[in-house]
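Enquirer: Chain residues, written in single-letter form:
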Amino acid sequence: MTIAIKGSQEGSQVSRRGVLAGLGGMTFCLAFGTDGARLFSEAQANAMANAQVTPWVRIAADGTITILSAGAEMGQGSMTNLPMIVAEEMDADWSKVAIEMAPADASVYGYMMNNNVRMMAIVGSRATMLYYNDLRIAGAQVRKVLLMNAAERWGVDAATLRTEPGVVINPANGQRLTYGEIAAFGKVPAQLPKVDAKELKARKDWRLIGKGVARRDTPLKVNGTATYGIDIKLPGMVYATTLHSPVHNSAPESWNDAEVKAMPGVVGTVRLPNGVAVVADRFEQALAASNALKVAWKKGAAAGFNSVEALTRDYEKIHHDPNTKSEPVHTAGDAKAAFAAAAKVHKAEFHSDYGYHAQMEPLNAVARFNDAGDKIEIWEGTQAPDLSRTAVAQALGFKEEQVTHHQCYLGGGFGRRNGGMEAVEAAQIARAVRRPVKLIWTRTEDLAQGRFRPQSFQCLEAATDASGKVTGWRHCVIGDGGNALLTGGMRIGYYGVPNQSLELRGISHGVQIKHWRAVAHVFNVFAIESFIDQMAVDANMDPIQFRFERMGATPKARACFETVARMCDWKAARPQGRAIGVSISERSGSLGAGVAEISVDRTSGKIKVHKVWVAVDGGTIVSPGPAKANIESAIIYGLSSVLHERVTLKDGAVEQTNFHDYSLMRMSDLPDEMHVQFVDVDTRPTGLGEIGNPFIAAAISNAFHRLTGKRLRHLPFTPERVLEALKA
Amino acid sequence: MVSFTLNGRQVSVDATANTPLLWVIRDHVGLTGTKYGCGAGLCGACTVHLDGKAVRACQTQASEVANKSVITIEGLSPNSSHPLQKAWVALEVPQCGYCQSGQIMKAAELLASNPKPNREQIVAHMDGNICRCGTYHRIIAAVEQASREG
Ligand code: FES
Ligand code: FES
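So the protein sequences, as listed, match chains A and B.
Residue 1 is where the first sequence starts when you use the working numbering, and the numbers rise one by one after that.
Residue 1 is where the second sequence starts when you use the working numbering, and the numbers rise one by one after that.
No false leads were mixed into what you were given.
Okay, the calculated bits of chain B under chain A, using three or more residues with CB under 8 Å as the criterion:
no.: 1; stretch: 28–37
no.: 2; stretch: 42–51
no.: 3; stretch: 66–76
no.: 4; stretch: 95–101
no.: 5; stretch: 125–136
No lab work stands behind these hints, which were simulated from the structure alone.
Note that the coordinates shown come from a computational prediction; the quantities given were computed from them, not determined experimentally.
Cβ atoms here follow ideal geometry from the backbone N, Cα and C, with glycine treated the same way.
Input sequences plus hints: build the corresponding full structure.
Expert: Below, the structure is given as structure tokens:
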């Protein structure tokens with residue numbers, strides 16, 4: 001069994017025609033039409049002039065089945081899961097399956113977005129969710145071809161045959177042909193057989209889906225052999241590091257170029273649109289030289305920006321100013337009328353700070369031009385090889401065909417590794433110094449040049465009628481980043497509130513902001529679920545009961561709440577000094593209700609989370625092991641952000657510089673227990689990479705209220721803020 | 001020129017005396033299992049053994065290892081056979097995996113001196129190693145399993 005991930009020095013992209021012409025066995029190509037990604041025969045593929053055709057599944061005569069994976073591997077297991085889905089419908093022997101990373105070509109390997117655009121970006125927990133159907137159909141088509149070939153050889157009707165992993169069997173006489181044996185003589189028909197969704201395997205017949213297989217990357221990650229972008233080494237390669245403008249996106253005016261260039265090993269300096277790169281024979285030399293850089297910067301858009309002041313002063317002003325521009329996010333019924341007729345109106349406000357991804361592998365990329373300078377290769381671990389390739393082509397004035405992208409393992413993604421910024425820089429530097437270049441951002445650069453989860457201010461209002469039912473709902477989020485970064489998680493479709501008005505009010509600071517694990521869900525769900533808890537307390541009701549009776553929780557939401565209530569024995573008394581809180585969130589189609597049990601050190605202000613329970617409706621669980629690990633990971637990511645993480649900007653520059661002042665959760669903060677359970681449903685899979693994260697803030701703050709009678713209204717819950725809340 | 005033993009093999013590199021061991025190992029020698037996370041002694045991704053003791057390669061100068069023995073993840077065992085590596089695979093500890101060389105090397109130091117650590121001792125020993133993917137609970141379980149089965 002071989003595991004290949006492109007990223008070795010030699011690793012060159014699969015040449016299309018070359019592969020098609022040169023391989024023995026059977027090759028199934030993939031091309032895309034208006035009806036989605038579909039397999040084609042080699043003959044058909046070759047006949048399609050100019051079509052984007054690439055081998056997807058190859059069966060060799062020795063029985064090895066190579067399946068390409070478009071799942072960028074950042075720890076979530078997609079690299080293994082996607083081929084596993086194909087293998088299930090093929091009825092392949094998993095031990096014979098080899099995985100290779102797919103080339104960076106979204107038109108062939110991308111999943112289909114609603115707007116008929118194909119993408120490879122593994123973001124928003126999309127991989128399994130969006131590839132699932134296409135890959136199952138493709139796998140079933142391959143199986144049908146194998147059956148047809150066996151039937152022809154035996155002179156029987158294909159419908160009478162069946163398969164077991166890796167073998168076609170004739171039940172009438174017990175004859176067997178392995179997939180490898182069939183590949184040795186088999187033909188892939190010019191027109192591949194169609195597969196109807198009804199012909200896919202029934203759930204009860206699954207051998208791999210729902211059971212799971214071992215991740216193929218695990219063995220490489222315990223002995224140092226997994227290749228990340230930062231590990232690539234090319235002959236003649238030089239090293240680069242950068243100093244970017246402390247105030248984001250300001251151009252360098254001048255710097256002590258001669259002094260820096262005279263330093264040991266320095267090959268050159270390169271002007272970037274928003275920084276200076278130093279290139280040297282060794283990384284330590286590049287680092288020393290970049291530390292010696294003294295740069296005068298042009299004034300940046302965020303000059304003078306003070307994030308703490310802005311969040312309280314400016315954001316609240318926007319909220320209270322009736323003339324500020326408001327964008328509707330969602331409306332339902334007639335909120336105005338509901339509030340006019342309300343028996344009672346409830347109100348609450350919340351704040352949230354900037355957050356940094358802190359993926360463990362700092363951004364980096366390797367770039368190499370060919371001798372003629374008209375082709376470039378890029379190595380990096382990225383969530384979106386397609387976007388990276390496009391960005392590099394654009395920056396160099398190249399066509400995409402001139403850019404070859406080699407995917408590597410990602411040392412964490414979380415929304416940060418996507419967009420190709422560092423690949424573009426590596427390309428620009430390589431062009432300038434005419435050498436293969438490895439660019440590594442230092443941790444300090446990675447943080448100072450972060451693309452943050454935006455800070456936000458929110459105001460929520462609810463109208464209740466005489467019976468106490470919530471009849472009207474208003475939610476206003478204020479911040480930088482527009483719809484994409486601010487409004488996720490605002491919609492509360494899992495509740496039945498009839499009249500709603502959700503709005504966004506924008507402000508712009510010139511600070512780099514971006515998607516972050518579940519982004520806006522983090523602060524929106526915190527606000528929504530804390531507010532609901534506040535109303536439940538006011539109504540003197542059990543918070544789960546309140547959500548059922550007064551918020552009209554949907555059956556799906558009820559199932560999650562009921563499951564988590566059972567898991568944590570919701571009504572049971574907690575040990576002295578501890579309390580529990582509950583919360584729910586939606587993300588990427590999944591729904592998760594969670595409970596946290598906490599205690600508070602009233603002297604230090606430190607919150608300790610002892611236990612976490614979460615019940616998740618994620619549709620069909622394709623790979624239970626990695627699914628659970630993903631949710632555990634997101635819980636901890638969430639806990640870390642809720643209890644510790646805070647980016648602040650002063651005079652337009654990020655104040656934090658490394659892990660001593662941007663603190664992440666450590667092992668000693670780990671809850672004693674974490675329990676994840678899936679609510680068993682038979683629907684198509686939904687995203688699981690982020691569902692473990694957004695519920696945690698409100699679960700903690702609601703537990704905090706139960707314990708102390710005080711409410712936490714500003715993320716993160718740092719010890720200072722906790723002490724302040726306790727005093728209030 | 002600095003000479004030392006790396007994973008049992010004598011190596012000489014033309015690094016300056018103050019070059020961090022991290023870049024000596026990764027770039028001069030070419031063993032990339034040891035990772036760069038913070039460069040400031042704050043994350044533990046670069047943890048290696050120096051004469052049997054876990055050190056942070058980003059905070060160790062080349063001159064400090066002269067004539068000493070350095071073990072990296074690549075030298076912990078042939079064929080990933082160290083009890084920790086086996087437990088790491090069995091319990092599917094790694095997510096992105098980037099921190100895991102450092103985690104395993106740090107845990108190996110613990111088991112070498114304390115073959116049967118309890119949970120508190122594991123946490124106290126491992127607390128300096130960050131895992132951004134949040135695999136801490138699995139790391140604890142894997143150290144416990146390795147200590148039982150090692
Ligand atoms: S890289 Fe050495 S401790 Fe972080
Ligand atoms: S596994 Fe990703 S940082 Fe630990």
